[in-house]
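S.K.: This is what each chain is made of:
There are 2 protein chains.
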Amino acid sequence: MYKNDLYLRALKGETVERPPVWMMRQAGRYLPEFIKIREKYDFFTRCRTPELASEITVQPIRRYGMDAAILFSDILVIPQAMNIEVEMKPNFGPWLPNPIRTQKDVDNVIVPDVTVELDYVMQAIKATKELLNNEVPLIGFAGSPWTILCYCVQGQGSKNFDKAKEFCFTQPMLAHTLLQKITDTTIAYLKEKVKAGVDAVQVFDSWGGMLSPLDYQEFSWKYINQITEALKDDAPVIAFGKGCWFALEEMAKSNVSALGVDWTINPQMARKFAGDKITLQGNMDPSRLLSPPSEIKKIVTEMINNFGKDKYIVNLGHGILPNIPLDNAKAFIDAVKEYKA
Amino acid sequence: MYKNDLYLRALKGETVERPPVWMMRQAGRYLPEFIKIREKYDFFTRCRTPELASEITVQPIRRYGMDAAILFSDILVIPQAMNIEVEMKPNFGPWLPNPIRTQKDVDNVIVPDVTVELDYVMQAIKATKELLNNEVPLIGFAGSPWTILCYCVQGQGSKNFDKAKEFCFTQPMLAHTLLQKITDTTIAYLKEKVKAGVDAVQVFDSWGGMLSPLDYQEFSWKYINQITEALKDDAPVIAFGKGCWFALEEMAKSNVSALGVDWTINPQMARKFAGDKITLQGNMDPSRLLSPPSEIKKIVTEMINNFGKDKYIVNLGHGILPNIPLDNAKAFIDAVKEYKA
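In order, the protein sequences belong to chains A and B. Numbering-wise, this note's numbering puts 34 at position 34 of the first sequence, and it's gapless, one number per residue. Plus 341 on top of the position in the second sequence (first one is 1) and you've got this note's numbering.
If you are wondering where the hints come from, they were derived from the structure by calculation, not from laboratory data. Note that the Cβ used here is the ideal one computed from N, Cα and C, for glycine as well. It cannot be assumed that every hint is accurate.
Cβ-Cβ distance ranges computed for the label pairs, FRET-style [claimed, not checked]: (1) Lys277(A) to Arg403(B): 55 to 61 Å; (2) Phe44(A) to Lys671(B): 42 to 48 Å; (3) Lys104(A) to Glu428(B): 17 to 23 Å; (4) Gln103(A) to Gly498(B): 41 to 47 Å; (5) Asn98(A) to Lys573(B): 53 to 59 Å; (6) Arg403(B) to Asn306(A): 51 to 57 Å.
Assemble the whole structure, with the sequences as input and the hints as a guide.
M.R.: Below is the structure:
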């Protein structure tokens with residue numbers, strides 16, 4: 001089906017010549033060709049215009065030849081479709097002028113018809129599939145319900161999402177109502193994305209690691225697991241929980257196809273917690289891409305040796321930073337392609 | 342020696358009736374009596390004036406009767422004494438107008454005579470000891486060299502301390518020179534504090550958990566361990582590494598008397614990693630103090646049951662937040678005092 005299906009084979013746990021590689025946020029701010037588009041079009045115009053989103057998605061593939069593309073979009077298109085105003089402020093990040101704090105706020109949140117409200121994403125997927133021309137698979141994604149709640153309640157990025165936690169700890173019933181609405185929307189959204197052509201879906205739980213293990217079960221994993229169960233006959237699901245090392249054992253027992261891990265866990269421990277059966281994805285410190293290219297190659301080779309080449313997808317432990325030199329990103333990808341077991 | 346020596350007995354691993362309790366940042370922004378002083382005196386005036394620092398230190402003891410006091414001060418008094426300009430901007434946090442980035446910057450950093458440059462801290466300790474009147478022990482503290490480097494290089498707080506990491510990963514020799522200067526200063530400083538009367542010292546590694554396990558060894562633990570070794574005949578050392586669960590096993594093999602853990606690890610895992618011999622300190626999510634008092638008491642009791650009452654110091658997993666109601670802080674302390682094994 002694809003000229004290069006390494007990524008899908010690794011998700012299935014098949015034996016491969018070398019592990020596949022892609023980078024979180026690979027369609028992004030470190031690429032001059034991306035910056036050119038960003039100079040002309042604002043953030044949500046880029047997300048909503050299939051020609052732009054698809055072009056941005058394939059830019060890194062053209063330059064570096066990663067083994068998978070990931071659709072350019074944003075986790076906050078979901079709350080936007082749910083009747084929550086979301087802006088993206090330059091040099092600030094997400095800004096939600098009317099954060100969710102009360103019963104009335106939660107009542108006003110809708111579970112939308114995603115085929116209407118998020119049709120632009122489906123069109124972007126179709127346009128991307130044409131550009132990719134069966135070279136590599138395409139990944140779709142969504143934020144975890146907890147991570148989406150964080151933004152909806154806090155109203156912006158935060159070091160500790162204190163208002164989001166306050167909401168959950170003082171009004172847990174209300175929090176669960178909101179989380180369920182987000183979950184229902186996300187399930188419909190991801191199913192629609194699979195129909196439109198994505199080959200796998202990744203759920204990003206960027207802020208799960210801010211919760212205690214007990215609170216994580218209650219406010220985050222429960223809902224990610226609902227998504228995984230709902231999608232299990234549609235496409236492979238990859239769950240990436242930043243800082244969620246403590247839940248790896250539990251997560252590995254679910255129907256996810258792979259687990260993403262960040263750089264604060266070493267490969268041996270990640271395998272120990274997650275067991276030998278599941279594919280892992282990660283986990284170089286994104287800041288380590290600032291090291292000289294020769295050192296990057298050494299780190300990547302060591303990382304593959306430690307994870308093992310099978311049941312493994314090479315990636316960073318979080319998104320690539322805007323200030324990474326192009327040659328350094330290339331060294332990361334090339335090191336994987338040159339890998340010899 | 343002290344009317345209440347629970348804290349020191351727990352550090353020694355002795356059997357206790359109940360575990361001791363204190364809260365990181367207990368002398369701080371959630372207390373109306375603290376806010377009154379803050380309205381009159383700026384941050385570094387409060388640190389530098391023994392009458393103010395000692396009064397602030399004992400305020401929480403008077404109100405709640407914790408089992409230990411911790412001297413009101415700041416980790417950034419160290420770089421200040423090392424010839425690095427440090428300001429504390431209201432509603433912003435630390436601001437270092439001339440961040441360290443080059444060989445010349447590092448050359449200009451001095452290892453000061455702490456008995457001169459930081460004499461005001463020693464005077465604050467003596468004033469505090471008088472106010473405490475042998476009721477409870479007094480803890481002194483310092484930032485870990487890595488955490489201090491983070492501020493010195495970044496120049497301010499940060500979500501990912503990208504410039505600090507860039508400095509370490511592109512100029513590692515220079516980073517180690519700076520880390521050694523900070524370490525030498527910190528050792529002299531903590532020894533002087535012990536002479537002035539503190540009963541134990543805690544090293545706060547607030548940003549250690551932003552490093553990979555390998556980089557943590559190289560840029561953080563190595564220096565904390567130097568401090569621990571240098572202090573081992575002076576006073577008990579407690580190492581608190583936020584997000585440093587991955588290093589607990591290694592840390593437990595050192596000469597530290599106790600290890601602080603944050604709320605993203607459950608008590609059972611913390612004991613498993615650190616072994617049964619070392620005293621642990623922690624670890625309720627500071628945001629959980631927003632729960633109703635009755636729930637706080639349940640969480641605290643459960644936490645003591647899970648850590649076990651011996652070789653354990655009850656604390657939060659990080660500093661108390663400014664918006665915690667007084668009754669909720671009281672519920673936390675009272676739950677420990679009412680604990681029955």
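S.K.: None of the hints should be skipped; say for each whether it holds.
M.R.: So, going through the hints one by one against the coordinates:
1. Lys277(A) to Arg403(B): 55 to 61 Å: With Cβ atoms ~57 Å apart, the hint holds.
2. Phe44(A) to Lys671(B): 42 to 48 Å: holds, 47 Å
3. Lys104(A) to Glu428(B): 17 to 23 Å: violated, 43 Å
4. Gln103(A) to Gly498(B): 41 to 47 Å: violated, 35 Å
5. Asn98(A) to Lys573(B): 53 to 59 Å: About 56 Å separates the Cβ atoms of Asn98(A) and Lys573(B), which means 53 to 59 Å holds.
6. Arg403(B) to Asn306(A): 51 to 57 Å: holds, 53 Å
This entry does not satisfy hints 3, 4, going by the numbered hints stated previously.
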